[in-house]
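Could you put the whole structure together from the sequences, leaning on the hints where they help?
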Amino acid sequence: MTFALSRRQVLIGASAMAAALPARGAWPLAPRPALPIPPLRNGANGDPIDLQIRRGAWSFMPGVQTPTLGVSQDYLAPTFVHDGGAS
Amino acid sequence: MHGHGLHVPGEVDGGPQLEISPGGVWQPKISIAQPAATCWYHSHTHGKSGEQTYRGLAGLILIDDDDTDAMDLPNRYGVDDLPVIIQDRTFDAEGRLLYALMEAEEDGWYGDTVVVNGAIAPLAKVPAGKVRLRILNGANARFYFVAFADGRTFHKIASDGGLLPSPVPLTSMEMSPGERCEIIVDMSDGTDADLLMLFEDLIDDEGDGTSEIDLSRYPAALLAASTLTLQVDPSLAAQRAPLPETLTTITRPREDEIVRTRDFHLTMQHSAGHGAQAGHGGHAMMDMAINGASMDLNVINERVQIGVWERWRIRSDQGAHPFHAHGCSFLIEQSEGEAASPDQQGWKDIVVLDDDDWSEIVVRFDHKATEQFPYMYHCHILEHEDRGMMGQFTVT
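Here the protein sequences line up with chains A and B, keeping their order.
If you're matching positions, the first sequence starts at 2 in the numbering used here and goes up one per residue.
If you're matching positions, the second sequence starts at 24 in the numbering used here and goes up one per residue.
Source of the hints: derived by calculation from the structure; they are not laboratory data.
The structure displayed is predicted, hence computed values, not measured ones.
Built from N, CA and C at the ideal position, the CB exists for glycine as well.
Incorrect hints may appear among the rest.
Covered by chain B, per the in silico footprint, the following chain A stretches (three or more residues, Cβ under 8 Å) [unchecked claim]:
1. 32-44
2. 52-60
3. 65-75
4. 79-87
Okay, here's the thing in structure tokens:
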């Protein structure tokens with residue numbers, strides 16, 4: 002499988018890359034984790050939003066607790082949504 | 024805590040002058056009035072942005088507006104509108120995060136494991152229709168090569184600062200640290216899609232940007248663990264409307280509207296002069312610079328006039344760097360000496376530059392940043408930023 006590569010834009014050949022991936026049985030992690038979705042906080046209505054930067058513990062790997070930092074959660078931060086942009 | 028990509032005044036920009044001390048409280052009132060975009064927020068603590076962001080202090084800010092509300096774009100958060108925060112992390116034998124600013128290689132701190140929203144090789148259930156991924160390269164230092172394993176075409180609809188003029192079909196893209204891309208992938212054929220997030224430095228190891236690369240040479244275990252699988256769940260309601268042909272209109276300034284040009288030289292080897300010594304309250308060694316000066320909280324490096332267009336030319340003495348400016352979105356005129364590709368012709372707040380040629384942007388600042396609360400421009404490789412490759416500017 003080959004690609005023609007430029008720094009900012011990469012062109013993939015027509016051939017698919019699937020062959021480059023190991024068979025599903027070879028996944029190093031089983032079962033695979035669900036994609037975490039950070040909780041939403043709506044910031045458009047003007048009400049204050051309280052956030053706390055704090056220490057946490059997050060499981061990147063099954064059965065392993067990793068010390069982390071987070072914003073009102075153990076790792077990463079809530080997603081702000083602001084439906085009031087001006088185009 | 025900096026709102027990256029927000030068009031807000033310096034006093035609520037969350038730059039290093041606005042450090043939140045342990046036990047302290049920061050209560051900014053932030054008024055957001057800018058086009059729809061995927062922005063983010065992360066630690067910007069002087070000399071510690073890299074470590075704090077690495078340990079987890081980062082999140083997304085999604086701005087919608089009337090135009091995007093009226094478009095047939097997937098917008099059900101967590102269903103067909105997914106946040107995808109790409110990072111890389113290294114763990115020690117006990118599972119603790121390894122990080123040491125001054126032990127980073129010159130390209131910055133590279134983790135050996137890809138994590139997506141904090142998960143390794145995760146899986147997301149999606150409807151059998153159009154799915155929007157709001158991808159943030161939230162890594163400290165790595166550039167990523169992003170593509171689907173089956174080579175399928177996707178459409179990029181937005182860059183850092185909002186919608187592109189029209190959807191741009193791609194089969195892969197590169198993303199620099201701090202960069203955001205919104206893409207639409209069509210899952211209506213019902214088959215799973217594996218999104219690969221690969222280390223650009225392992226692919227483009229020649230660094231000349233033209234080499235043919237062979238994915239079968241990419242470490243197989245790393246490839247499998249660098250995958251986000253989108254798995255179709257037919258029970259989820261699908262959005263199958265065709266993509267809009269036109270997304271937005273971008274008006275570039277006329278040449279006679281550009282009032283001045285500024286040049287920025289990013290230097291990896293800055294040994295002399297102010298800031299070269301360890302200092303700034305025990306923060307890290309300041310040994311990198313822009314225009315001969317390492318970041319100094321007491322120095323305003325540039326003074327910019329509000330509301331007028333400028334051309335900024337940026338290059339480095341060594342290697343590729345993602346250059347970011349606070350308080351604005353800008354337009355790329357050229358990147359590393361080449362005209363911006365269609366997927367880079369939208370609003371941006373990061374431009375990649377190198378040592379071969381100039382990258383050029385046109386930029387206008389519409390909010391104030393005072394001497395007390397200035398904006399920053401800096402390399403978004405966070406270890407470079409923390410080692411001084413950053414400057415302060417006012418807008419008045």
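Do the hints match the structure? See the list:
no.	hint	in the structure
1	32-44	holds (count 9)
2	52-60	holds (count 3)
3	65-75	holds (count 9)
4	79-87	holds (count 9)
Checked against the numbered hints above, the structure breaks none of them.
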